[in-house]
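Using the hints, position chain B against chain A.
There are 2 protein chains.
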Amino acid sequence: MKKLINAPEDVIKDALIGIEAADPRVLVDHEERVIYRKEKVDGKVGIVSGGGSGHEPLHGGYVGKGMLDAAAAGEMFTSPTPDQVLFATQQANTGAGVLHIVKNYTGDVMNFDMAAEMAADEDIRVETVIVADDVAVEDSTFTAGRRGVGLTVLVEKIAGAAAEAGQSLDDVKAVAEKVCKNGRSMGIALTSCTVPAVGHPTFDLPDDEIEIGIGIHGEPGRERIKLEDAHHLAQRIVTPILEDFDFEGSRVIAMLNGMGATPLAELYLMYGEVKQLLDAESISVERAMVGNYITSLDMAGCSLTLLKVDDDLLRLFDAPVNTSGLRWGE
Amino acid sequence: MKKLINAPEDVIKDALIGIEAADPRVLVDHEERVIYRKEKVDGKVGIVSGGGSGHEPLHGGYVGKGMLDAAAAGEMFTSPTPDQVLFATQQANTGAGVLHIVKNYTGDVMNFDMAAEMAADEDIRVETVIVADDVAVEDSTFTAGRRGVGLTVLVEKIAGAAAEAGQSLDDVKAVAEKVCKNGRSMGIALTSCTVPAVGHPTFDLPDDEIEIGIGIHGEPGRERIKLEDAHHLAQRIVTPILEDFDFEGSRVIAMLNGMGATPLAELYLMYGEVKQLLDAESISVERAMVGNYITSLDMAGCSLTLLKVDDDLLRLFDAPVNTSGLRWGE
Numbered sequence: 514m515k516k517l518i519n520a521p522e523d524v525i526k527d528a529l530i531g532i533e534a535a536d537p538r539v540l541v542d543h544e545e546r547v548i549y550r551k552e553k554v555d556g557k558v559g560i561v562s563g564g565g566s567g568h569e570p571l572h573g574g575y576v577g578k579g580m581l582d583a584a585a586a587g588e589m590f591t592s593p594t595p596d597q598v599l600f601a602t603q604q605a606n607t608g609a610g611v612l613h614i615v616k617n618y619t620g621d622v623m624n625f626d627m628a629a630e631m632a633a634d635e636d637i638r639v640e641t642v643i644v645a646d647d648v649a650v651e652d653s654t655f656t657a658g659r660r661g662v663g664l665t666v667l668v669e670k671i672a673g674a675a676a677e678a679g680q681s682l683d684d685v686k687a688v689a690e691k692v693c694k695n696g697r698s699m700g701i702a703l704t705s706c707t708v709p710a711v712g713h714p715t716f717d718l719p720d721d722e723i724e725i726g727i728g729i730h731g732e733p734g735r736e737r738i739k740l741e742d743a744h745h746l747a748q749r750i751v752t753p754i755l756e757d758f759d760f761e762g763s764r765v766i767a768m769l770n771g772m773g774a775t776p777l778a779e780l781y782l783m784y785g786e787v788k789q790l791l792d793a794e795s796i797s798v799e800r801a802m803v804g805n806y807i808t809s810l811d812m813a814g815c816s817l818t819l820l821k822v823d824d825d826l827l828r829l830f831d832a833p834v835n836t837s838g839l840r841w842g843e
Numbered sequence: 514m515k516k517l518i519n520a521p522e523d524v525i526k527d528a529l530i531g532i533e534a535a536d537p538r539v540l541v542d543h544e545e546r547v548i549y550r551k552e553k554v555d556g557k558v559g560i561v562s563g564g565g566s567g568h569e570p571l572h573g574g575y576v577g578k579g580m581l582d583a584a585a586a587g588e589m590f591t592s593p594t595p596d597q598v599l600f601a602t603q604q605a606n607t608g609a610g611v612l613h614i615v616k617n618y619t620g621d622v623m624n625f626d627m628a629a630e631m632a633a634d635e636d637i638r639v640e641t642v643i644v645a646d647d648v649a650v651e652d653s654t655f656t657a658g659r660r661g662v663g664l665t666v667l668v669e670k671i672a673g674a675a676a677e678a679g680q681s682l683d684d685v686k687a688v689a690e691k692v693c694k695n696g697r698s699m700g701i702a703l704t705s706c707t708v709p710a711v712g713h714p715t716f717d718l719p720d721d722e723i724e725i726g727i728g729i730h731g732e733p734g735r736e737r738i739k740l741e742d743a744h745h746l747a748q749r750i751v752t753p754i755l756e757d758f759d760f761e762g763s764r765v766i767a768m769l770n771g772m773g774a775t776p777l778a779e780l781y782l783m784y785g786e787v788k789q790l791l792d793a794e795s796i797s798v799e800r801a802m803v804g805n806y807i808t809s810l811d812m813a814g815c816s817l818t819l820l821k822v823d824d825d826l827l828r829l830f831d832a833p834v835n836t837s838g839l840r841w842g843e
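Protein chains in written order, with my numbering: chain A, 514 to 843; chain B, 514 to 843.
Bound-form chain A, shown alone (with noise of 0.2 Å):
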């Protein structure tokens, strides 16, 4: 195992240094590992997401003006505690009530279900929405249901955007559940991650095969298949989401996302390769983007998420947003 890191055990207190020192929009809380906005708005719906920690950017790097309030950092690949989502709603809150934006994984909305009646406790209303937009597995490893992922991120964005604008509770969870409804999900590893207190893969990929539908966490997707040209590939992961979901002739958001240790380079010619597809299908990329959202530690690969938009999403997308991992428009 060949990492930037110190003893294996501190990867995450000292990432969260390492983060603290660098972003000047956010503290942590480094007891409770808990990255929260430093300037709070009175009066604005609190925007909460978490999960295991190295899937970054997400989701410390999308605390700031305009998406969250706060992140809790689990271990990594692990749901963070009752005790840790409670802080960061805590943080949160100024009044208006808080979102729960939750990855669906079995220990998340266990996790985030608890904290949220530890807020009812002490008068803090929460609501949530549950992320489940892969396609790629009915059931996983570490879910009943649908794994959450690409998705995520622009859950965050819009729905961060949206309480940003000064709507209700309620009118943030609808606009985030509307999301939620209209994307979709998929990915590919050509090589596994891994995970640094473990110090060995998390899972075998022979030299010349891949895995269809992988986790974010490595967990295993579809199938596994000898590596494919990118034409192929992107016809692996355009394909099943738009079996699964109406896209054609739609307006939607692109999201091409690396895994962690993908080039930005096969990233945009991925990109190439899922556009001429979805043109084919005349679906209409209102918006691209394509980079490193949310990753899987060391892990080479990609997945597509596909949003299906309309004036409003596009326009609450558009909103100023000042994170380190998504800036725009101030």
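Treat the hints as calculated values from the structure; they're not laboratory data. Take the hints with a grain of salt, since some may be wrong.
Same chains, same names: a pair is fine if it fits in one copy or spans any two.
Claimed, not checked - In silico SDA-like pairs for lysine to any residue, Cα to Cα no more than 20 Å straight-line:
(1) LYS515 with GLU843
(2) LYS551 with TRP841
(3) LYS526 with ASP742
(4) LYS515 with LEU718
(5) LYS515 with LYS739
(6) LYS551 with GLU799
(7) LYS557 with ALA687
(8) LYS515 with THR707
(9) LYS557 with ASP636
Showing chain B alone in chain A's frame:
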């Protein structure tokens, strides 16, 4: 070799198709392999850069408002031809002259120089700045003198802002030279990289060794050592920079750059270590950048760039920029 590509010889062509499809700010001339800004600004000094491909987002990802007007994409790790640079210069010229920003590699310097002469024949005034910020080695595989690496990103940003503000070619050149004079970089590699058309790693690096002072094409650095922890590796990149330039007590922009395959969590962790060392020298980091800004395909590792700034450089750095690789302020 596991990559998201079609035929290895088509990687650059295919990636340029993807860049043009994804980025609404740019157009691509696919014959010349030049990425240029869609909207031209009459009377603005043109900013042109370019170099071998494989360092994305550098340079094509920095074409847009407030940064580059055109970038010439050479073959992988290979200088663009004089014809390519001339075409980029023609695209960038709107009558106020053009600044060439050239990384100090023998082929790049020669071909940009020839292009400048060809442009002069067309009555386009061209000035040139050479970036040579890498403190690792004095001469190297592809250079007489120091290599141009991470500082290039900051030269492009700051010169781009000066041009956007309506400064003259002489003034834009002067501020670019000021950046070149006041910036230094140093990098380390944990792994080699694999050029697609070659199909195997550029160099061999045993499982427990790393290369100190690596170049962005896998050229040898200062020495190979056994893998160390991040705390000691931070010293390995900070110390040579501080020995080469007196940053003590200065205000700086610090860029902790990933080489392509290193996860963001590790980059943040390394930044935390670097920040402690800078604090100890009373170096005040005014702006921090942590991420993949100038890469070496799928190499794992990082580099640090420090630029001593005054109010003028900081104001130009903070000026609005709208490219796929760097975006803020509007």
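Tested hints:
1. LYS515 with GLU843: neither (38 Å within a copy, 39 Å between copies)
2. LYS551 with TRP841: For LYS551 and TRP841, both the intra-copy (19 Å) and inter-copy (19 Å) Cα distances are at most 20 Å.
3. LYS526 with ASP742: between (39 Å within a copy, 15 Å between copies)
4. LYS515 with LEU718: both (18 Å within a copy, 11 Å between copies)
5. LYS515 with LYS739: between (27 Å within a copy, 11 Å between copies)
6. LYS551 with GLU799: between (32 Å within a copy, 17 Å between copies)
7. LYS557 with ALA687: Classified as within: same-chain Cα gap 16 Å, cross-chain 46 Å, threshold 20 Å.
8. LYS515 with THR707: both (10 Å within a copy, 17 Å between copies)
9. LYS557 with ASP636: Result: close within a single copy only, 16 Å intra versus 57 Å inter.
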